[in-house]
Each structure stands twice: as C-alpha cells, then as structure tokens.
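Letter by letter, the chains look like this.
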Amino acid sequence: MARIKLGFWSLLALMVLFVIACEDADDFNNVIEQISCSDGIQNGEETGVDCGGPCPICLDGLDFSGVFIQQDIAGRPGINTVFNNAGPLQDAFNRSTVSARGTQDFIDGSNNLTFPGVFHENIDQYFVGYTIDEMSVSFGSNILGFDLAGFAEFLATTDALQLAAEGTTTYRNTELWFTGRRLTDDVMDTTLLLLFGGPHGDRFDGVNGPMLISDGVGLGDRVFSSDFPHLEAPLTE
Amino acid sequence: MSKFYTLISILSLGVLWMVLSASEQGDGPAVAYTSADIADFYAFRGAQADKTVFVVTLQSPLSIGTVTQEARFDPNVLIEFNIDNDGDFKEDLVIQAIPRDSIMYFFGPSTVNEQQQGRSSEIDVNDLMGSVQISDLEQTYVTQLDSISLFAGPRRDPFFFDQARFSLIQNGTAAPEGFNSGAEAIDAYLQSNVLTVALSLPTELLGVAPTHALNEYGDFNLPNAYNVWVSTKRKY
Chain D
1 MARIKLGFWS LLALMVLFVI ACEDADDFNN VIEQISCSDG IQNGEETGVD CGGPCPICLD
61 GLDFSGVFIQ QDIAGRPGIN TVFNNAGPLQ DAFNRSTVSA RGTQDFIDGS NNLTFPGVFH
121 ENIDQYFVGY TIDEMSVSFG SNILGFDLAG FAEFLATTDA LQLAAEGTTT YRNTELWFTG
181 RRLTDDVMDT TLLLLFGGPH GDRFDGVNGP MLISDGVGLG DRVFSSDFPH LEAPLTE
Chain F
238 MSKFYTLISI LSLGVLWMVL SASEQGDGPA VAYTSADIAD FYAFRGAQAD KTVFVVTLQS
298 PLSIGTVTQE ARFDPNVLIE FNIDNDGDFK EDLVIQAIPR DSIMYFFGPS TVNEQQQGRS
358 SEIDVNDLMG SVQISDLEQT YVTQLDSISL FAGPRRDPFF FDQARFSLIQ NGTAAPEGFN
418 SGAEAIDAYL QSNVLTVALS LPTELLGVAP THALNEYGDF NLPNAYNVWV STKRKY
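These protein sequence lines map, in sequence, to chains D and F.
Counted from 1, the first sequence has number 105 at position 105 by this note's numbering; the numbering is strictly sequential.
So this note's numbering is basically just the index in the second sequence, starting at one, shifted up by 237.
Please note that the accuracy of each hint is not assured.
Examples of chain D residues lying across from chain F (beta carbon under 7 Å, computed) [said to hold, decoys possible]:
{"#": "1", "residue": "48"}
{"#": "2", "residue": "49"}
{"#": "3", "residue": "52"}
{"#": "4", "residue": "56"}
{"#": "5", "residue": "90"}
{"#": "6", "residue": "102"}
{"#": "7", "residue": "143"}
{"#": "8", "residue": "148"}
{"#": "9", "residue": "149"}
{"#": "10", "residue": "178"}
{"#": "11", "residue": "183"}
{"#": "12", "residue": "216"}
{"#": "13", "residue": "228"}
{"#": "14", "residue": "232"}
{"#": "15", "residue": "235"}
Keep in mind that the hints were calculated from the coordinates and are not lab data.
Don't be surprised by glycine CBs; every beta carbon is placed ideally from N, CA and C.
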C-alpha cells in the first residue's frame, strides 16, 4: 500500500514537472513570436492596445481629426514686415500659398492684384525722399543682379528658406546665398542690403548716403548651444 | 474725478498701443498676438552633418515673467513644416506638430498628394513620429528617438532687429539719418521670449533636393536645396 502511494505521488510529481517544463518551453517560444504592435491586444510591455513600450506612443482617446485652415505662413524672414506693410495686405499674404502668389489675387479677388505688384510698389516707396549727392535715387538693381520688378517677383514667388541638402547652411556668407537660416545669421541686415545696397552692396552704407544696409544690432548677449534644441532657455528676469 | 480716470485710461491705452506697435514684427492684424502668429522660421544643419534642424518661434514677443509663464500652444492650431523637394513651391512632405494637454505630438514626414496641397490640412495619425512633454520655465524636456529629437516650449527669442528705428525709416520719418549704431541701436527682442517648436531629423527623410531656386535667376552655382516654409493652420 505504501509502495502504491509512493508510486502515485511520484507519478503526480513527474506529471507536474512535465507540464511546467512544457509550459516554460511553450511560453518561451510563443511569447516572443506573438507580441507585435499590430496584434490587436495589449501584451508585452505595451501600455495600451498595440501602443506604448516598444510600440508607437498611445493616442487612445486623443482626437486629431478635422480640417485645419491656414492662418499664417513664413519662409524668408521679414517679408511681411519689410515688403508688405499694409494690414489687410499682410492678412492676405498670411492666407496665400507660395506657388500661387505670382498669379492668384489673394487680396481682392477681382483686381488682379498680386504680391509681386504689391512688393514692387512697397520697394519703390522706400526711395521717396532719399538722395545721394543731392540726386534722387531709386531701387535700380541690387547685389544679386535683380531689377525692381525681378526682385519683387523673386521675393513673392520663391518665398521659402532654400535649404541645402549638404554643406553649410546660412542665409548669407561671403560665398553663399540662401542655403538655410542659422540662429546666428543677421537676416535683417541681408534683407536691408538687398533692398538698399544697390548693385555693389555699398550704397547707403553710411558714407555713400545714410546708413540703411544695417540696423546696427547683432546677437547681443545671446549664446546658442551646439546641442539640440540649440536655443537659450527662456529669460526669467 | 471720473473724467480724470477716463483720461488716464485713454492715455494708458495709447501707451499700450505704442508699446505693442513698437515691438510687433509687422505681421497682419488678423493673426498678430494670436496663438497662430508665427514670428520666425529657421532651418539649418545640426551638430551632425546628416541632420537638419527646423525651428519655428510663435507668439512673439512674450515679456519676461507672467506672460511667458502663462503662454500656451493652442490645441486647435496645427504647426506645419512644409518641404518642397521638386522645385514647384508646393509642399511634397509635411511635418506636423500639435499639442494635447501637456504633450506636443509630431506627425510625418507625411507625403502630400496634389489634391491635398494648399491652405487646408488634415493629420494622418498613422504617420506619428513621436511626442515630447512641453517644457516650462523650470524644466526643459527633449525627446531623443533613434535619429530624431523633439522639443516644444518657451525659449529666449533668438531674433534681433531695431524694429522701432526700422518703422521710422519705413514711414519716412528717419529718412535723412538712417539707422543708428552702437548704444543708440536698440534690439527690440533682446529681453523677450517666444514659444518654440524644434525638431532634428535625418536630412535624407526630406527626399532628394532640387536645383537651388536662385540658380534659375543667374550664374550663382548654388548647391541643390529644398524649399521649406512653415505655416499655422486652425481647426474651427
């Protein structure tokens, strides 16, 4: 009787060990294969169904639906400030698309007033009342070789930051024009140079007429990090 | 007495108007001082040669203190980085950022087809790139994924300009003298903050760059370059 009992318990123990061994082997083989970020269940290290942990972050309950309509747009710096200074026209510019600015009337819809024309008129106005050696002065041409109509057209219809895929990115340096915009670039001086500097960039330089090609301010005490996000922490005092 | 206070109120409003006018970057009245107002846009090579950084600043100028502390991204305003990689100045790729509670979510780069190009946008949640906790005055949070970095929050305004003097030149008042120099030139943005969204990503995600736009206008021989711009879009 005692031998039978021993036999029964031994058999039971063996069976339990077998089941545990099988389960272990089963888990090991299947768990790795079955967890995925698209299996429709929360498993593994996921914090929601197929999200969190090693999967994409969970968007459960968040609503990103709907249609979003353009309010503002920015490519090159200072365009609306310098070349488009009337409020309603600035609003129209902010609602416009870059590719349509040369042909589409975003302003009135019936006057066929397009932004190259608006910019042309604005640039012209800057020279009213200015003289060099008592001679009145107009835009003429600028350091990029644009005449007034060409410059207005270029500004309006290619208004983006051109961003070089390789090499130096800068709004302007001694060799490059428009290959990006760094935090340190003095973009407003570049804009003023293109507007007032004439064909050689030396007109209105403070000697040859009043100083109009630099606003006289730079980075000041700003310091930018080489580490992302590069900008300074907000000022608190 | 009431007349006195009325006068004070009118004068105060006048001073306020002058302060606002002087420090405005000259954007349209419909968007100026709203949560959709873009101040500046930057695009440059990151610390690594194969990375590109995009930065947009919004809601300028935020004065130091309570105004900065209380500035918030608008959950109804989508911030969209547009990339044209075939030279037609229509967006071929977009990277979108929008806040939900204290998190900024980023989507893209998403391909934009011809029917989708233009003034209206939708978000494709399948293009989720990542998210970052929005930073505040005390704490800076950056999400660092394999090859992408994300940031959103207040920063010191990087833009510098003698805005007030420029306005006088623009309206003709300072025509004979021009700009100031030295201590007389005043940077309107030196002591202010902005809301900022920034990301760094591998440049190759932007596709192949087209011929530089300026090369079409003369013998400039500039390197191939994407055309990139930023827009804000509101859900009504």
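Item to check | Structure versus earlier hints - violations, ascending order | outcome: 1, 2, 3, 6, 7, 8, 9
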